[in-house]
Every structure is written in structure tokens, then in C-alpha cells.
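> Listed here are the chains, written in short residue letters.
2 protein chains.
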Amino acid sequence: SGGAGTRLWPVSRKSLPKPFMPLPAGGTLLGGTLARALRVSGSDAPLVTVTAATYAHLTLDLYRRVAPEADARQQLLLEPSSRNTAPAILLAALWIAARRGGHSTLLVLPADHLIRNEDVFASDVAKAQALAAEGHLVTFGIPPTRAETGYGYIERGDALEGGFKVARFVEKPDASTAAAYVAGGRHLWNAGMFCFRADALIEAADLACPEVMGPVRACFLASDARQPRRDDARALTWDAASFDAIPGISIDYAVMERADRVAVVPASFDWNDIGSWTAVGEEMPSDADGNRIRGDAIAIDSHGCQLHSTARTIAAVGVCDLTVVETADAVLIAHRDRAQDVKKVVDALRARGNASVDTHLTVHRPWGSYTVLEDGADCKVKRLTVKPGQVLSLQLHHRRSEHWTVVTGTARVRVGDEEFDLERNHSTYIPVETLHRLENRTDTDIHLIEVQCGDYFGEDDIERLEDRYGRV
Amino acid sequence: SGGAGTRLWPVSRKSLPKPFMPLPAGGTLLGGTLARALRVSGSDAPLVTVTAATYAHLTLDLYRRVAPEADARQQLLLEPSSRNTAPAILLAALWIAARRGGHSTLLVLPADHLIRNEDVFASDVAKAQALAAEGHLVTFGIPPTRAETGYGYIERGDALEGGFKVARFVEKPDASTAAAYVAGGRHLWNAGMFCFRADALIEAADLACPEVMGPVRACFLASDARQPRRDDARALTWDAASFDAIPGISIDYAVMERADRVAVVPASFDWNDIGSWTAVGEEMPSDADGNRIRGDAIAIDSHGCQLHSTARTIAAVGVCDLTVVETADAVLIAHRDRAQDVKKVVDALRARGNASVDTHLTVHRPWGSYTVLEDGADCKVKRLTVKPGQVLSLQLHHRRSEHWTVVTGTARVRVGDEEFDLERNHSTYIPVETLHRLENRTDTDIHLIEVQCGDYFGEDDIERLEDRYGRV
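Residue numbers (this note's numbering), protein chains in the order written: chain B, 3 to 474; chain C, 3 to 474.
Be aware that one or more of the hints could be misleading.
Put simply, identical chains are the same to the list, so a pair is met inside one copy or across any two.
[To be verified] EDC-like, lysine to aspartate or glutamate: derived pairs with alpha carbons at most 16 Å apart:
hint, residue 1, residue 2
1, Lys345, Asp360
2, Lys16, Asp275
3, Lys345, Glu425
4, Lys346, Asp176
5, Lys346, Glu150
6, Lys345, Asp303
7, Lys167, Asp291
8, Lys16, Glu420
9, Lys167, Glu259
10, Lys167, Asp457
11, Lys167, Glu136
12, Lys16, Asp380
13, Lys129, Asp63
14, Lys345, Glu285
15, Lys174, Glu150
16, Lys174, Asp254
17, Lys389, Asp291
18, Lys174, Glu259
19, Lys346, Asp303
20, Lys389, Glu205
Don't read these hints as lab results, they were simulated from the structure. Treat the numbers as computed from the prediction; the structure is a model and nothing was measured.
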């Protein structure tokens, strides 16, 4: 589960990237991927998510919401830094082999693809499993529907039962090459989905890329004995120093392109990688004028427009072929044919230091979330949501005091040496330099409005003395 | 000062219409109109503003801000309802005649025009004053620069000293007629600016439209003895019942088009009625790509776009000839050539009950303003600004309690029977059904954050017991 999704700005951002983005039809790409994994896996098979350590809580929260029955099977393997796909997948293979035996089959599913036909998907996976059982490293190839230059291609070779040998992998082609691939019928898009036995992958990697496997094994050994995260026994973060020493390389380049027994199963299922707002639009119903509208938006004398409102009214007048995406702090207006260039906006805004490229006004934390309602010179106002059983760090601020008013639920509050329950419609005051802690001991969310007074309201003015989430 | 300016949505709204809209170069149309009036009027001449009663405080606030030295000369004549221009101007003429004598000259300036060259304006006004002194009803005609179909035209007749007799007024023409007017050189745009002696207008109106002048005189008599508004001696509201009985008709139609001695002074000054976003754009500098940008906006591979941001980041990618206007609760995206159709949006949104057609998230009140920061199911959060010397009504709420935290200044607060000063970084609590009052006894603005808790947060849950502004 990686995928920054910068082409999906302003909704997809570093702090809440593409896999967590709400989809037009409801749900999220990560939730859909979990559902697919549940569909094709044995009832006791571990559901392993490899992702960045910063997304651990978001991921577990989402899983508990969409598949609470599978909670005991979830295992997070967390990357302390970003090192491409090979380190993450190879470490997962070592972990599976150690936990369940080398003959265990791994199905690797990127968390940012949309697949609707789960029955067909399951039958394609069954074909891949059979090939993997024979020792093949299996990829899934998507039959191309256009001369796409944004994907790598797989050229199929001799037929196998349920698939083909891979003749070769090819890099992202130019337009004419891509057109020739589509016309030729022997090339498939490489969607980054794989199926293999753990031992087959490890053996192939030892041969194909010992320069990667050496540091991967070192990292595995350095990490194996480590305690899981205090707040969740099913989240293991790889040892940072030895993880950082692994070359950042893709599993395709490190292993698949260099290995011998590589097979491809052409996908019979539908597939959309939601790579741009155009792809999102394909998932939205169109009205008589070809407009696709989500949220509070109105189109007058307009055609072929995609209007996404999350908070505010959008009104379009006399415009064609536009994609408009509105969020609490940023609005995108792009021509439909320029959806790929949205990343240019992100680059330009990042150069300007614009916060909207990384964070939303709503920020998720291990204990819940906060939304900035006002960020003024004289105060900052936030709505805080604390999840059941969660607790913020014991902390103090040097340059601001805080006024808390509980608007939903009952909070457990410590201010200085006093600890007490703060009910709905009650408020308390935390002076500058005063130790305080906020806790939810109930079984429902609590909401507070926090008014900060002071001369500096940065998130770095937090001195943490105790923290359940390891942030001291 | 009327002018709803629906073509300038989402910035111009009923609660803060076009004359108060911030202009790209700074200032407002109403402020500019006051400056023009100051430039050409005698130092003791009354500055009379005819406007709707609901805009009285906004108007006086603006005048105090931009021309405090002229405060003693300001007089508001307030309309209790909207009845077009004839009732307002004829009542003003009666008021001037009674106060300063019938030979007083009135210069009537709409508050929603932009004129930059004040010297030339003053010299044109001098010509009009000379003609008015002779008993002419003088209009100003704008030499047409395009075949505009949105204005009425004035055909000039024989020459007079400083101007021309008016041959006739013509209604808004079709495109070919407008083109013929521009080519012919005898037609001028009717800009709704007038100059006449009070007695000349009254006499002409008595002859031309007795059916209007009868009810106007009745309203004047019914209103004359009335007390001015308690909070400001220089604001007179016309008697509502008799004002409502006056036919709603324009001064052009009621008097100018039917009177004998009507003259026109062709305008030598520049003139922009800021009738649409296109006209606003003409006041903004253009970059190398023809983009006009205001606020936090970025244009990538885009041309001929006007981007107005008031609060959030706007990013445009690969688009041309668009007008984008962003406000706290609504975003407009219009093709540049469709600027006139923005009113269609307002009509459509009004039919949907969308609040953004009438009010902004920031609402102006006689005592200051408030901005809604959060409007949730469990609470409503506002930032309140109370101006120096102002006081909110003594009030109570039946369905909400309030938590106030002062973030700038010192407030005078009454809660129940207690009254006390609340300093910055202090808070207080107002229970349901408890009388309270908020006051600014200092000489600087105070700011508070108000957190409302309850089950209903409508503005109609206010029971006022005393109110300086007559709202009990």
C-alpha cells in the first residue's frame, strides 16, 4: 500500500494518499483490495499489509471499519522509509516463510487498483495459484485497451496451463511502440500484481539480486527479535538502519525481469488503476450533457465536465471538458486532457511551500484526528476527535494556552495534577507550561473544540512527556 | 446605493452587494462614489445616501473608515422596501428642498460605477451644474465603446452650452440597432447619473407622473416627523406603509423620458460599471499568458484566465479563457464569454435553497460581524468581532448554551445578574435560558471565539430583551 497519487491532488495528499481516498461509488481502494484478498485467501491465512510506518494507524482503522471479522488475521509490516517495492516484498516473503513455511503462496496486490468483478478476479487468481504451486513467479497482465505510454508491458511467450511464459518485460514505450503492442496482441500491461511461493521468490532473488537479498536478510534478522509496536501487537516496523541500507529498487527490476520461471496470467477481470481524475470520472455516472457531478455542484450550459465538491458549492457556466475538484483548502481546475499534468501543480505548489500538497485541514493521528477551523494571528481553533480507548500524549506547550469545550461525549482530562471527567457542554482551561492529557475512556468517539491563545500555534510547540504511540 | 450585482456572485451577495465588494485595486465602488461626491460638492453640502434600510450600518461603517472628516455631512435616507429609483430620488429631492431650499442642486451618482479620472469627472459635473442651474434635468451619457445591448441609450439633439438637448431615450436595443447607434455617433449610454435642481425635478415629476408624486408626497409627510434611528441621528427611514404604496418605477421612465427640458452631458471621464467579472478583470493586470490573478492562485499552461482566490489555493492546468472565483463557501467557474450568465447560477442556486446566494459565512451586524467556522450537528463555532463602543442585545437562547473565549482585546460581559470584564485568554459560559450581553467599551476591535452547544443553532433562537439597534 504505497501510491502517492499526486495526479489526484487536491484529494490525494501525502498525509492521506490515494489508497485512502474516498471513491465516487463509496469505499476506498485499500478497502476494496482487502475485500479482494479476503475473497481469495484461506480463512486462516495472514493478511499482510506492507506500507509506510506513518500509515499504520490509518490502515488499521480502515480495516477495523470495513472488515472487523478479519482483525485477528491482519499483520502490518511497516517500512521506516521509502525503498521501492523489492525490499518490502522480499521482507514479507521472509516473514511468511519463517511464520508459515516456505511453501506458502503469496498473492501481492497493490492497494491502489480498482477491480469490480470479484468472481472473475478469483478465477484468475486460482490459475495463478496453480502456476505458483509449480514454482513459477506469476504476474498478472492487463490486456491493453489503449496505446498507454504510462505503464510497462509484458510480452507473453509460450502457453502454459492457465497462462503463458513471459517472453520479456518492456519499459514504458513511446506512443508508436505502444500502438504496435496493442495491435500485435502479444503485450499486456504490467499491473504490479504477483503470485508466488515464498521459497520460489527467495530462491530467485538470491540468484537474481544478491546485492539486494543480502541487506534484506540482514534487515530481517535485525528486526525479527524486536518487540512489536506497543499499541498494536500486529504491527512490526523493520529496523530502520538496516532497512535504509537496502537498495531502493522495484521487484520487477530486481527479480521478475531477471528470473527464469516467470509466467503471466492475462487478466479477465476489469481493472482501473485510478491513475488520474479522468480514471475517477470513468467510475461516475454521466448526465445528459456528459457532466459527472459529485457533491454540491451545478452545471449550466456546460458539457463533459467532472465536478467534485467536498465542502462548498461549485457552479460551472458555459464551460466544456473541465475537471474541477474542490477541497477545504484548495481547488483544481484542469482541462480533461491534461489530467496527467496535475502533478505539475503539486510540484509548483511544493516549490511555493504550499501546505495543501502534503496535508489536509483534517489531520489523522494515532488517537483520532483534528480539523483546523481557524488559523489566525490571535488564535487557532480546532475540532478534535478522540477515538474510544485512545489517549493523547502527556504534554505541555510553551507558547500557547488552550481552552477545551466538549461537544460530544465525555472526556477524561488531566490538567496539572488534577484529573477529572469533562462532560458535553463543559469546558476547561490549560495554561501555558501546564502538563495536560486528553483521554477517551468511553466506547464512542468524543469531540472537542479547542481554542488556542498565544503568539505561536505551530505543531512543533508540543513537549511530550509520555506517549503511548512512541512519539516522546 | 442599490445594485444587487448578481452577475458578480459569489463575491457580491444580497448581504454584501456590489457597492461593498472589495475591488482588485483596493477600495470599494461605494467608497469611490463617496470620494467623487466629496470632490465636486460644496464643503457644507449634505452627502445624502439613498439605500435599503438593511445596508445602513454597512454604509456608515464604510464612510467612517474612508472619509471620517465628512462624517457630520452624511445623511442616510433609507428605503424600507425595494421600489426602484423614482421613489428614492423624488423623496430625496423633497427632503433637500425642505432642508436647503428648492434651488439646491442634486447630483445623483449610482454607487456601483468605477470612474478613475476624477479631474475630468469634476469638469463634466461643472457643465451639468451650469445646465441644471438653468432648469434643465441633466443626464450624463457615456460614449459607447461597443455595441452593448445591456444598457439603454440616449440620443442627443441640438447643442447646448456644455452639452446637448436630449432628442429621446431608447430602451436596451438589439445587437444590430446597438451597432447602428455606435456607428451613428449620436447615441450615448444612459449611465443613470443625473444633475438637477430639486424644484425643477419636483415640478417636472408633478407634471410627468402625478400618480407617483402623490404617494411620494404622502410618504414624505408621513415620515418627516418621525424620529431618526436611535443609534444614529443621521439615518432616516421612510414610513414603511406609505413607502410601499408608491409605484416601483425608475426615475428615467417616471420623469426623464416624459419631461421637457432634458439635457445630456457626454462624459469625458472613463467609466466602468463593473457589470460582470469581465469588467472586474479589466481592472486587473495581466501576465505574459494573459492571466489575471488575485490571491493564492497558480496557472500552469493556461491562458486568458481570471483567477480570484479569497481564501484557498486555486490551481488551473491547461485551461483557457476561464473566470474562476473562489470564496469561503462557493466557487464559480465560467467561460469568459458567459460572464453575463452568472445570474443564471444565482437563479438556479436560489431555487435549490442554497444559502450562498444571499449570505456569506461572514455576516455583518450593527455591532460588528461574525464568521461561522463550523456548523455541525453537535456544535456551531463562530468568530465574533465587536467594534469599539458597540454592544450586542441583551438576549437569551432557549436551545443552546455558549462558551466564549476572548482572543483579542477585553470584552465587557453580562451573564445573568453578573457583569464583568473578560480579558484575552479568558473564557466564560452562558447556560441555556440565561440573559447575557456582550459589549466593547474599549477603543479597539475585540475578537471572541464562541462555541455553541445544544440541539438547534438557528439565528432565530435569539430572544432580545433590549437592543440599541431597534431589533427587539
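> Of all the hints numbered above, which does this structure not satisfy? Sort the numbers upward.
As far as the earlier hints go, 2, 3, 4, 5, 7, 8, 10, 12, 13, 14, 17 and 20 are violated by this structure, in ascending order.
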